[in-house]
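So the protein lines, in turn, are chains H and Y. 1 is the number of the first residue of the first sequence in the numbering used here; add one for each residue after it. 1 is the number of the first residue of the second sequence in the numbering used here; add one for each residue after it.
Heads up, some of the hints might be wrong.
Unchecked claim - DEER-style ranges, computed between Cβ atoms:
#, chain 1, residue 1, chain 2, residue 2, range
1, H, K2, Y, H95, 36 to 42 Å
2, H, D66, Y, V207, 54 to 60 Å
3, H, F110, Y, A17, 34 to 40 Å
4, Y, E202, H, E126, 25 to 31 Å
I should point out that these hints are in silico values taken from the structure, not numbers from a laboratory. Using N, Cα and C, we set each Cβ at its ideal position, and we do this for glycine too.
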Amino acid sequence: MKTIALEQAVELIPDGASVMVGGFMGVGTPERLMDELARQGKRDLTVIANDTAAPGRGIGKLISADVVGRAIVSHIGLNPETQKKMIAGEINVDLVPQGTLIERIRSAGFGLGGVLTPTGVGTVAEEGKRQMEVDGKAYLLETALDADFALVEAFLSDYYGNLVYALTSRNFNPVIAMAAKTVIVDAAHIVPVGMISPDHVVTPAVLVDYLIAHE
Amino acid sequence: MDPQTIIAKRIAQELGAGMLVNLGIGIPTQVANYVPSGIHIYFQSENGLIGTGPIPEQGMSERYLTDAAGQPVSALPGACTFDSAMSFGLIRGGHLDVTVLGGLQVDELGQLANWMIPGKMVPGMGGAMDLVTGAKRVIVAMQHSAKGKSKIVKRCTLPLTSLRRIDLLVTELAVISFAEGVPTLLETAPDVSVHDVLEATEAELRVPAGVPHMNIGVAP
């Protein structure tokens, strides 16, 4: 794990990269990274996340700044800009059931080819997917989903990068930290090694590549 | 009593002590307001919380403690938090006793459409497909009609949320059960007759003898 300045961390992300972003309606999204991606004028990112939040909040900032070419998300209902840009053909949006999305990401991080889920059988969510029957019950084969980068918000990080999350800001964060080639973390508090009990570490430091330095 | 209150009050009667319950956005959220005090129900927010409490007082909200709409909530004693994989494991894995969701259409097969109107409104399914597929009991809270047209239809014309049959539908006019495979009128609202319900419903309903009124604290 290396500490890195905000600006340099975002410089690592090329146009066209696939980027997983933690957060649920902006809660648990690393806001400073969103601001910096927009400021550096990144283009054509594939964003994989629960939702696109709302204008001015979380991933909503990336939508407004035309950073996103494709969004793989479960929900865009609270961001009218995403809907508008999708209808205008400016953004491709793949809608995935929320439980399926997180399991596809988990599969990638856990070395699985995918999962079998009953969710979506008989709905438009099954289009283009293999259906399988196991013990008389129908499932969809949902394949693993990985990314070039994961942008994680933590509540605590120690100097090694062991992470703890706060309340409902955990959501996608520990799962995406398993599923991307490069993991960049912004933590609200950076504390000395030993201050986090081993039992309380949620994301082990070995998964973290970069921790954004505090100024 | 306004339609939302009738629906929320009636659905609250379906919840019992110790149940794990997920309430969707809109009318379902109001159900929590009518659970009798002293009955401890575990409310789940699918963003990663069991033990969701009321909206905190002005100035007391915490940015890391929110509901599935990203709005501040509180947490009750005994609450716990977890990631999204765990949250949907609870939902899909048969651990969720009741899910209460809004609806756009429910049909005679008990199938629900609640996540998009092609060409008009494409919010995404969020957690709805997992909730309807995985919960032990599915209760739909919706107004009986929209723009004068019955939302309880013969066959859904909007994209389905799941093939799974819902268990109970509560509107401001009626309680309709799908437990026996055919929509069955269980109760009518306090000032509503069976005839009124049938007039307002496109789907064919089975009507047992002597359908009672909802018992929600108002005289018929």
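If I claimed the Cβ atoms of H/F110 and Y/A17 lie 34 to 40 Å apart, would that claim hold in this structure?
holds, 36 Å
Using the C-beta atoms of Y/E202 and H/E126, is the stated range 25 to 31 Å upheld?
Since the Cβ atoms of Y/E202 and H/E126 sit about 27 Å apart, the hinted range of 25 to 31 Å holds.
At the C-beta level, are H/D66 and Y/V207 separated by a distance inside 54 to 60 Å?
Taking Cβ atoms as reference, H/D66 and Y/V207 lie about 57 Å apart, which means the hint holds.
Is it true that the C-beta distance of H/K2 to Y/H95 lies inside 36 to 42 Å, as the hint says?
holds, 40 Å
The structure meets every hint from the earlier list without exception.
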